[in-house]
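Here the protein sequences line up with chains X and Y, keeping their order.
Heads up, the first sequence is in numbering that gives the first Met the number 0, so the first residue is 0 and it goes up one at a time.
Heads up, the second sequence is in numbering that gives the first Met the number 0, so the first residue is 0 and it goes up one at a time.
Where hints are given, some of them may not hold.
Treat identical chains as interchangeable: a pair holds within one or across any two.
Said to hold, decoys possible - Computed cross-link-like contacts, EDC-like style, restricted to lysine to aspartate or glutamate with a CA-CA straight-line distance of at most 16 angstroms: (1) K333 to E510; (2) K241 to D507; (3) K542 to D52; (4) K219 to D249; (5) K533 to E110; (6) K316 to D46; (7) K515 to E430; (8) K324 to E402; (9) K248 to E304.
If you are wondering where the hints come from, they were derived from the structure by calculation, not from laboratory data.
Only a predicted model underlies this, so the values are computations on that prediction, with no experimental measurement involved.
Protein chains: 2
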Amino acid sequence: MSKNRLIYLPLGGAGEIGMNMYLYGYGPEGAERYILVDVGVTFPDMDTTPGVDLIMADADYIIQRADRLEGIIITHAHEDHIGAIGLLYPKLQAPIYCRPFTAAIAQNKMERDGNDPKKVQECAPWPAMVEVGPFQIGFVPISHSIPEASALVIDSPAGRIFHTGDFKTDPSPLVGEAFDPDLIASVAKGGVKALMCDSTNVFSPNPGRSEASLKEDIGKLMAEAEGMIVATTFASNVARLKTLAQAAKDAGRSVIVAGRAMNTMIQTAVSTGVLTDFPPVLDVEDFGDVPRRNLLVLATGSQGERRAATAGLARGKYRGIELQKGDTYLFSSKTIPGNERSISHIYNQLAEQGVNVIDADDGHYHVSGHANRPDLVQMHDLINADVVIPMHGEYRHLREHAELVESNGGTALIAKNGVMVDLTHQAKVVEQIEVGRTYLDGTVLIGNMDGIVRERLQMALRGHMVVSLVLEEDGTPIDGAWIEAVGMPDESRHQNGLIENLERAVDDTMETATRKMLRSDEAIEDAVSRVVQKVCSDTVGKKPVVTVMINRLVTE
Amino acid sequence: MSKNRLIYLPLGGAGEIGMNMYLYGYGPEGAERYILVDVGVTFPDMDTTPGVDLIMADADYIIQRADRLEGIIITHAHEDHIGAIGLLYPKLQAPIYCRPFTAAIAQNKMERDGNDPKKVQECAPWPAMVEVGPFQIGFVPISHSIPEASALVIDSPAGRIFHTGDFKTDPSPLVGEAFDPDLIASVAKGGVKALMCDSTNVFSPNPGRSEASLKEDIGKLMAEAEGMIVATTFASNVARLKTLAQAAKDAGRSVIVAGRAMNTMIQTAVSTGVLTDFPPVLDVEDFGDVPRRNLLVLATGSQGERRAATAGLARGKYRGIELQKGDTYLFSSKTIPGNERSISHIYNQLAEQGVNVIDADDGHYHVSGHANRPDLVQMHDLINADVVIPMHGEYRHLREHAELVESNGGTALIAKNGVMVDLTHQAKVVEQIEVGRTYLDGTVLIGNMDGIVRERLQMALRGHMVVSLVLEEDGTPIDGAWIEAVGMPDESRHQNGLIENLERAVDDTMETATRKMLRSDEAIEDAVSRVVQKVCSDTVGKKPVVTVMINRLVTE
């Protein structure tokens, strides 16, 4: 029997920002018992994933070994760490461990997707630990832009791992636990084999600022703005919601919450006890009864999401709330890369309504939830692990993070998604797994290599020509070809004779075809596709996707 | 006969950054003689314009009045001011006026698109003026990130207009004329009716920096980097190319130019005399003969364009040039909003090759070509026009610019695309024209409202189901329906029985159809589309685009 080994295999999040999923295993090679840390999602875009609903890491490796999966650990309730739990649970079927606020959200997701919410177990924070297979897991409170974020102590017979999850080093985060360097140092006292560390802000050179530092600027804005203020941020940033709402209250403004996600999040935070002293909230129906000068609306949709409150207000109205010239719209949030165009579109709509837009570019109205470069160094020093393995970042973040560690005399190892690291002794790469991505497409989970999304992209870029042929059993055409253009400049809209040219060319192809070709659907399809692409290219300069429907009539 | 009037009608650029096109007219209402200033393009994106090749303003208003168009004036040779000249010329057919460097590029474009390059007339700079219909036009040299940029003096019997084009207030731009406040003031001496002013950088609070300020940092980088340096910037930023090449020469590095656009631009700048003292350039073939430490490669593709040199190098190779670990890649350029994802993808590819990426975020390696807020105020003060009409910007830029003017005691008027302003006396809005956008799609010019691109977007988001039916003349089905899925999770890839369910449902629909319905192709199409969407929605959670091909066999 082979010796026990301790392995680490990132499946998602190590090569992108989003869809975190990290596998740890302990046991004899090929018989390891596993824990999975985080099951996140990321969001689709038109460039690569049109029509897709959600993107998650390819969990195939652990799905094939699900009988050896002992538990799923969730560090915190952001979508990129928890979002896939209900979708992948049916294939994983292992108990879920997290702290109570995170558990409340995990239970919602489990229920929504038809799973048993009781599979989610609430855990007490460090120094309490929970046994999961060969591992002992401790949830170490750490500050982040959502309540009850946890770093993980992962103990195995081969030693201790410290997995930061997402974190910042905020001494006064207002909601949720402060960053406590002494606590972190105490966890590391007995020695740590490996530090898996958040990399997202490694390119930010200055120390991170505290949530508390926003109070003054936001207070000033609430006091001085003349009309109504609408503020948008992530629904899960409960601390920010509290900062905004308290500043509003101090300035004599009542608070209305617009957007389902934000209402749910506030309720969950209150009911789990992580949010206290939140000012009373008016109903959306009370809008109109309060002078605009005395109102703050907290709105969802800081990333320009089309169905959220912010996009609705920018278009004109959201559930009875309307903007007026002179109102102020505060984006108390950063722009996630890729969302620039949607957000800019909203800024312009607001400008057309005469609304003053204030963004967070100058740092007065937003602080990040992630550790910046000097904060990362602080973490490295506190944990003082044998090796730092950067996680949660694009490749450039992982590389920069590794170089940062090494420039300070530490040891780092880059493991992107699919790279298995053996941590038993000195950390070393032992295997490279093929990893893809899984898409939720409508109600179906599909793979990024299935070709489905590629076909959609091709139709978007090139248009689609559909050719219908009706043939005798032997292939003799019964009638001329019929061709329909979708997403192409045809003559119904432009006088270019495209369809006429096409039908003539296809009929010519069929008339001059050999008997052998006429007997093969495949041969006809090839020849017709080729001629359709050529004629389209000659007539309108585009080579479309072609679908040929061959109807052969069986004569009895 | 009605009195003469002086009008201004922005068709593109006033409501977006890109595709500039501004119309000026003078004469009796309905019989004005026109000049068109700039005929630019903007670039498509997957979110709104998949498969489109170029986007330009909708010139329909002036195309319908082309017999009264006296000339086309081009301020400078950036694509967003000149890019559509060859495409729209056939519909406009008016002489083109610009300065020699711009003319050389306009002539290339005219020729490429099959027009007579002799229609482009070279103009001398201010104080020379050229008569174009009722207007006298003067090309006032102004600094920008391309040689020979010009502001325009537009004189008419109703007074003088100053149209800045794109500009910055750089006293030492290295290539091209410096910003000369005395010259601008002298132009304005007799009074100016209206200042049409660039708005793109109105949100940048600090005074713009000079091209010359980059010399030190770029020089240091060239001297200290250990491997090869590749630098990318806009091909047309000839000044930057010179800054980079001279710094390379001073550091003992030879220069190779990778990318067709950059080679053409350098040649044009040299042949028209605007670029002097450019260091000798090696052939791409000489790569390999020079130690890496002694090389600078100037590369196209700073915006992540897929076919440019930068994307090629990031993928592994471009025309024999390969990167190595330890090389440096300098992005001496800003990221145009919308290109973040493509550029970030390239950063990651470079990081995987161990190449050090240096971007321009901290301002050491790039300065903007546009006037910042304080620079705009300087321009307002120098021209001291009766009214400032902000141009070239999204709506939020125009609004901010107008507020800036008014906060300093000036008068401003916002005219977005399609808003006609009468400048004869006090500036006032007189008409609102319907304006859209024109797309080059393959080789065809289509309108944004034609529905073609919308069909492509729908197929990308929802997939496409094609149904083929063969019917007797009276509508009796001869055979079962045949259905093909494109961009949908069908059973060829997922065992969900989708096609089987669909074919059964369509056959049922046809079997239970009334004789009346069977006689109408439209009724069949409606009913079949509805049932296909319902079954898809039930089976895979998506409602696809449906195309129904009905083949009716005429029995003689």
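How the hints compare with the structure:
With identical chains, the CA atoms of K333 and E510 are never at most 16 angstroms apart, being 62 angstroms at best within one copy and 57 angstroms at best between copies. In the homo-oligomer, the alpha carbons of K241 and D507 never lie at most 16 angstroms apart, since the shortest distance is 72 angstroms inside one protomer and 58 angstroms across protomers. Taking the shortest Cα distances, K542 and D52 sit within 16 angstroms of each other only across copies (13 angstroms), while inside one copy they are farther apart (29 angstroms). For a Cα distance limit of 16 angstroms, the shortest separation of K219 from D249 inside one copy, 10 angstroms, qualifies, whereas the shortest one across copies, 52 angstroms, does not.
Taking CA atoms no more than 16 angstroms apart as the test, K533 paired with E110 passes in neither setting, with 53 angstroms inside one copy and 25 angstroms between copies. In this assembly of identical chains, the alpha carbons of K316 and D46 never lie at most 16 angstroms apart, being 29 angstroms within a copy and 24 angstroms across copies at closest. Taking the shortest alpha-carbon separations for K515 and E430, neither the intra-copy value of 51 angstroms nor the inter-copy value of 66 angstroms comes in at or below 16 angstroms. Taking the shortest Cα distances, K324 and E402 sit within 16 angstroms of each other only across copies (14 angstroms), while inside one copy they are farther apart (50 angstroms).
In the homo-oligomer, the alpha carbons of K248 and E304 never lie at most 16 angstroms apart, since the shortest distance is 28 angstroms inside one protomer and 49 angstroms across protomers.
Violated hints, in rising order: 1, 2, 5, 6, 7, 9; the structure is consistent with all others.
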